[in-house]
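Build the full structure now, drawing on both the sequences and the hints.
For the protein sequence lines, the chains are G and B, in the order given.
Under my numbering, the first residue of the first sequence is numbered 8, with each subsequent residue one higher.
Under my numbering, the first residue of the second sequence is numbered 3, with each subsequent residue one higher.
Simulated from the structure, these hints should not be mistaken for lab results.
We put the CB at the ideal spot given by N, CA and C, even for glycine.
Computed spacing ranges between beta-carbons, pair by pair: (1) Glu-25/G with Ala-218/B: 52 to 62 angstroms; (2) Asp-38/B with Glu-272/G: 37 to 47 angstroms; (3) Leu-254/G with Arg-233/B: 37 to 47 angstroms; (4) Val-56/B with Ser-256/G: 32 to 42 angstroms; (5) Val-56/B with Arg-155/G: 33 to 43 angstroms.
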Amino acid sequence: MSTLASPAAPRLADSFIELPARERARALLDPGTFRELLGPFDRIESPWLPLQGIVCQADDGAVIARGTIDGQPAVVAALESAFQGGSIGEVSGSKIAAALELALRDCERGRIVRPVILFETGGVRLQEANLGLAVIAEMQAAIVALRRHVPVVGVIAGMVGCFGGMSLAAALTSHLVVTRQGRLGMNGPEVIEQEAGIEELDSSDRRRVWQLIGGEQRAATGLADSLVEDDAHAVRGAVAQAFAQGLASTPRSAQVETYLARLAEIDPQDVTPESMRAVFHGAPHSTRKEQS
Amino acid sequence: MSDTQLTRGARWFRALAGDTSTTTPAPVWSGDAPLDGEATRFITVVPDPQNRFVRATDNVVGLEQGWLLARAVRDVIAKDAHAQRRRPIVAIVDVKSQAYGYREEMLGVHLACAAAVDAYATARDAGHPVIALIVGPAMSGAFLAHGYQANRILALDAPGTLVHAMGKEAAARVTRRTVAELDKLGETIVPMSYSMTSFAKLGLLDELIDGIDADAPTDAHIDRVRSALARAVSEARGDTRGLARRLDNPAAQQNRAASIEVRRRLAEQWDAA
Chain G
8 MSTLASPAAP RLADSFIELP ARERARALLD PGTFRELLGP FDRIESPWLP LQGIVCQADD
68 GAVIARGTID GQPAVVAALE SAFQGGSIGE VSGSKIAAAL ELALRDCERG RIVRPVILFE
128 TGGVRLQEAN LGLAVIAEMQ AAIVALRRHV PVVGVIAGMV GCFGGMSLAA ALTSHLVVTR
188 QGRLGMNGPE VIEQEAGIEE LDSSDRRRVW QLIGGEQRAA TGLADSLVED DAHAVRGAVA
248 QAFAQGLAST PRSAQVETYL ARLAEIDPQD VTPESMRAVF HGAPHSTRKE QS
Chain B
3 MSDTQLTRGA RWFRALAGDT STTTPAPVWS GDAPLDGEAT RFITVVPDPQ NRFVRATDNV
63 VGLEQGWLLA RAVRDVIAKD AHAQRRRPIV AIVDVKSQAY GYREEMLGVH LACAAAVDAY
123 ATARDAGHPV IALIVGPAMS GAFLAHGYQA NRILALDAPG TLVHAMGKEA AARVTRRTVA
183 ELDKLGETIV PMSYSMTSFA KLGLLDELID GIDADAPTDA HIDRVRSALA RAVSEARGDT
243 RGLARRLDNP AAQQNRAASI EVRRRLAEQW DAA
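Have a look at this one:
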């Protein structure tokens, strides 16, 4: 340890955020059970990036791994933010959609497979535009169908966060685990500033951005379910706990009247991240927790 | 809204579903009308100048639009819960974008859009034939919320109809290209193109209906669109669940070979040897 280390320094050895996608997936599965599917040696790469002079990655930035969680069959899909910002191309998105579709097939045959998605993505990879969007729709279809058989658990650990069409996929999961370093929003702060002007949101105001879409706020307002420290054991524990709780009575994205009523209570003129907490809270999910 | 100011979505809703006296008010019009003799739910997003969310007064999908789309679809699911035959749902698509705003992000526009995705996917899985009819822009997250979960996707081959992940100017900025360069790329890189014919090459479009005046359709034009919708409904009744058929066609075999290959090889490796 160097003399620079303070008592508050993060324990890097246990950090989940520091791990690349492959190691994140490994950390969530029972020790020794990790088995990667369509790994780098299978070399299924983006057919579209080379046409634009962009270097491919052998796994296209998505890691699919099978193994067990608490002894039960599982599949983990993890996005690698170091490659193209975790963006969804035809291949990386199809890997996730296909994994969810196969989990659904098994569930329909009575063999439950526990699905976990590690979101670390800015959304559609613009170099593959319409195919990125198409595979996100396919992923979403699979999540909605799969969620009737088994909880679909999402994790947003950071530091990229989860944006664009993938934020909708995250919102469709049965249970969302976040860290304080994870951010969840449809439009990134820069996009809002660009589209709506700096009066709407100054994307360089980091404090304001974290208060708006950071993991702590999302958990406090019931838009995420578990807030955990940046610690591999904590993330793993929250994921296992989500499966142990079983199926949600009504998934968040199906609670239409509850959320329309909440929106009606909000005054758009003066609502703040702080004041919205009085209306948006974790009730639907925390009551489920209390019942189990 | 006077007739000359109608947006495409509003115009085609009126053309296909009749007057709006029995439908829900802006920003989401939803109402039942016969299609080929069968009661059908038509849904579209229209501008709402008085909307209390000022970033969502146009035909965009914001907080209220997302949740109201979900309500319109779930209303149909509930009504037909015990019916032998589930009524068709036609999503008339004319959405410029999702709503971009500080309050939108705060209050979870991602969840509001997901609620619409959820409702449409649930309706499709429950056996409602869900048809998307693209009459204007079908942009990005707004199209995910309103249309992209459909069994069948139809589009008018008319100026102004397009499907894309990001507006041209913004996409040029983000990818550090000029708009002209982006157009040039679209000619060779099919998924980057903004043209409807390129979208069709991805195997995602079931019918491109040509020869229709999208802004001032004649009765004959409207009849042709009705026939195309009725045909799509009838075909969709025979679908297996899910969206697998989007990959099971010659266009997809050519331009989505990687999507198909990923699925084939992942299935091979799924169970340990």
